Amino acid sequence: MKNLPILAVLFLISCGKSVSPVDSGLENQVFHFGNGSEPQGLDPHVVTGVPEHHLLTSLCEGLVITNPKGGPNLPGVAESWSISDDGLVYTFNLHPNAKWSNGEDVTAEDFVWSWMRILTPALGSQYPDMLYYVKNAAAYHTEEINDFSMVGVKAADSKTLVVTLEQPYSFFIKLLSHYSTYAVPKDTVLAHGTIDDRNGEWTRPGNFVCNGPMQLKSWELNKKIVVEKNPFYWDAEKVQLNEMHFYPVSNESTEDRMFRAGQLHVTNVVPQEKCPVYMRENNPNLRIDPYVGTYFYRINTLNPVLKDKRVRKALAMSINRKQIVENVSQCGQKAAYSFTPPGISGYEPDTSIPFSPEEAKELLSEAGFANGEGFPKLEILFNTQEGHRKIALAVQQMWQQYLGIEVELVNTDWKVYLSREMIGDFQISRAGWIGDYEDPNTFLDLMRPNRGNNKTGWDNFEYDALIELANAQQDIDKRYEILNKAEQLLIDEMPIIPIYTYVRQYQLSSDVQGWDPNPTDTHHPKFVFLQR
Amino acid sequence: MEQKSQSLWSDAFDRLKKNKLAVISGFILIALIVLAIFAPWIAPHSYSYQNLELGAVGPSSTYWLGTDTLGRDQFSRILYGARVSLLVGFVATAVALVIGVSWGIVAGFFGGKIDSTMMRIVDILYGLPFIIFIVLLMVIFGRNIWLLFLAIGAVEWLTMARIVRGQVLTLKNQEFVLAAQAMGVRNLSLFFRHILPNILGTIAVYATLTIPQVMLLEAFLSFLGLGVQPPMSSWGTLIRYGVESMEEYPWMLIFPGLIFTITLFCLNFFGDGLRDAIDPRSSD
Amino acid sequence: MLQLILKRLLVAIPVLIIVASLTFFLVRLAPGGPFDSEKAVSPQVLKNLNEVYNLNAPLYEQYFDYMANALTGDFGPSFRYPGRSVSEMILTGLPVTFELAFYAIVFAAFLGLIAGIVAAVKKNTALDYIPMAIAMLGICMPTFLLGPLLVLIFGLNLEIMPVSGWDTLPGDKVLPAITLGAAYAAYIARLSRGGMLETLNQDYVRTARAKGLSEFKVVMVHAIRGGLIPVLAFLGPAIAGLIGGSFVVETIFQIPGLGRFYVEAAFNRDYTMILGTTIFFSALIIFFNLLSDIAVAVFNPQARS
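Protein chains in written order, with our numbering: chain A, 1 to 532; chain B, 1001 to 1284; chain C, 2001 to 2305.
Extracted from the complex, chain A is given alone in its bound form (with noise of 0.2 Å):
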């Protein structure tokens, strides 16, 4: 009885004295990844975020694969492609060796199937305008058309695939790294559901049968999520992960002390206060990625007071981003002064946004605003977040001081804030958006008439003919330059307001090799092995 408690304290310290997952990783080569939420699913064609897009690297291939060093495409499932002169017609020639993880051969005809499923409407996918540069593709997914066969994708033989596009676009091939692209077996889709169906349950363990580095072993809802070493992929010899396991950590304090227990490899954030902790103590673990995205804050073009220009103009002037990203954000994130981040593709925009409260008061003044006099209070609207709170209050505060307007904050929840900015019931609402592939169109496109993901009511048809003519221009330096125009315009009028570029901040075991910063934060496992 006595020494009870002397035992339970024995048999607690030894409880938690055990061989960390990073220490016994090493020796089998699994790999422990901290992935943020918990996936929706595995269907490449309905699912939309980050953690599915970490999971689908593993799992499937595409036709390319993304760089890990940044740069132009390598081949995947496609060993090899050429273009046409005229830019229009792409003939891939798929690995020979390409099969699926049940034995059978991946062939161009899976890849037919594959985009005429998510081109289907009734699947639902949100993803479909990732294929719209294919010619009819659109057609297709609106109904103007219903025989698939009019569309630009076809099998000439069994390992040879011929994509026609609507125009020359120069980044078609950047696009094919997406997982939206990825072919899905069609005999396994088909056994467990029909081609349209969302709810299928081919996607689970035991039925998954996918094309890439590894296979799905299991799947623990909300715990863990297993796969192992694909033995039929083409490439196998090259994979050194025996294992990789992600854990679904939404809470970043409790991934970020998992890490430092040696639970993790990698995670998928660093905790906003211990971001600028972590570089002044030149912590070895941390790592601040370039990414391809831009946080902004929208305005709302239509509103009375909003939709003069100088009054946009005078708003993104009095904005100290240099103050922001050294005093707010204080994650290495650099000030952003275009709505491309600088750099991809080797696409250098030229625009500035100067940090003048003179110029910016003149501005006002000129719209009728003298000193922020009869300026009604502006509302700024985010998700409730602590990250975009501070923000917003630096934001605040400095139209405050600078321009003596008067502004609030109202923050909701996700999916208010998201159902908000799509009605238009907004003012001014804090944005981001992360490119899904390696080029200016990914942001640029964004911004132009009629896109769903536009919602600034800005509707500028210059701009809309300078981003077609764009499109149109096989040779790159051209390109640019016409992409360059847009960019400027687009600058000129602010219906949006870049703040910074983003980037991606993570911890990272020094046990990992191969693992390659790039922008779109691709880290296909083939590379990637562990070693101390």
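If you are wondering where the hints come from, they were derived from the structure by calculation, not from laboratory data. All the given hints hold, so there is nothing to weed out.
Derived lysine-lysine pairs resembling DSS-like cross-links, with alpha carbons at most 30 Å apart:
| id | chain 1 | residue 1 | chain 2 | residue 2 |
| --- | --- | --- | --- | --- |
| 1 | C | Lys2039 | A | Lys485 |
| 2 | A | Lys186 | C | Lys2039 |
| 3 | A | Lys186 | A | Lys135 |
| 4 | A | Lys307 | C | Lys2039 |
| 5 | A | Lys69 | A | Lys229 |
Small disclaimer: the values here were computed from a predicted structure and weren't measured.
For chain A, the structure is supplied; the task is to place chains B and C on it using the hints.
Just chains B and C, lined up with the frame of chain A:
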């Protein structure tokens, strides 16, 4: 009849005075309330002004309790936080009180079918997962402080109703009430002059004990991101930020956490003391 | 006894129906739907999605369909996780939350009863004041403060406890159980002390003492019922608090339980998941309140009215 209640009260007061812990708690609470009311005049700095270049610094002569990561003075924020937390505590408790006490009185006083129906409703409501509804309400309708008061009050009134009803029932059957009835005193008068003074004590006790529950509930909602909206920050919000930074900037957690816990301590000790003073049998 | 059970069950059914209906309409009133995402959905795609989940039908039709299915235990597919049904997800998360709550209550009962009994027996000594003060601390400290503190001390500094997880590392259930149970240990300590104090003054206890029974026997055999009864009565209502507490603890410690599912579902507007879990939690609360009433009735014949 007056004499009896008077001596009851003065007896209770004497017992309360003897309970040193309760007395100290009471004084601390009064001090807090005064500080909270006069916060706008006492606070050395604005609770919302951010000194971005300063960032988080420890306690110093300018910033008595340090600053948070946006350079905001913690002392001022705690003072203003007191206003919010105590406001939520008192108002939500008041809501619970009004509903619960009325309910309990009506049920207990009228008895019979009215009583059993009303208490049946209370029983049914006990079966509802209120936490879930509150979360849902805050998520759906946004973080409106009035909604917060209502929602929290709506959860806490049930216990109050049960206790008050129990008290009323007991009192109804006591000699002095029966005697008054025999003498022909009418219902309303009976109620106001004989029953109400005697349940005031119980009401005070349970109200004091409900306030900390409410404050904890609000802190819980703040943790989930559903409490009061910024820039208004309650102590719950401050603690939440403190937890996030507790390793790097421990003062962000220690001070709000300490004062929150002390306040709840005092409320509980004072409430306990009140209860012991009014009904001495409950602790001997 | 049987009457009591039957009566309560009869009341339970309309309660559940009210809860389900209330939640159904509440959630549908909410702005923002399950398919809103940062990448705007074209009206076409939205229409197709709504079609799949029957969201285009008139509201009352959706309501009746849902209720009819719910009666057979079919709560529909989750909106957020295509391919998974709500019942499936509840069944995955429930055992975990149940286990967590169980350990928490066992810990709370154990610690609380011992502390309460000792405090009552050694009234007005240090063995009374100190445990009761600690108990007060347990009541006054929010779970989301206690949890990270424990992790900080035992997980990161002393390194004797795992920082998170459930069933992944040995001993990872200890800190979550303690965090969740702490407040309850405190309540139980106070309640059992109060109950014991009342009982210790009763005649039959004095008789037992007079008969020459050892103090230990007097306390543990005769008086203990008085200490247990308020605790048993408390257990029913405690379940509602445990559910709320599980939200916080499961988030802090990364536990794949029903509480975490629920909070995420609420934020994601996963209608079916919200409804399913709400109904389920209600049923749980009703059940445990009933159990608690039965336990009290068994131990205390006087309360059977």
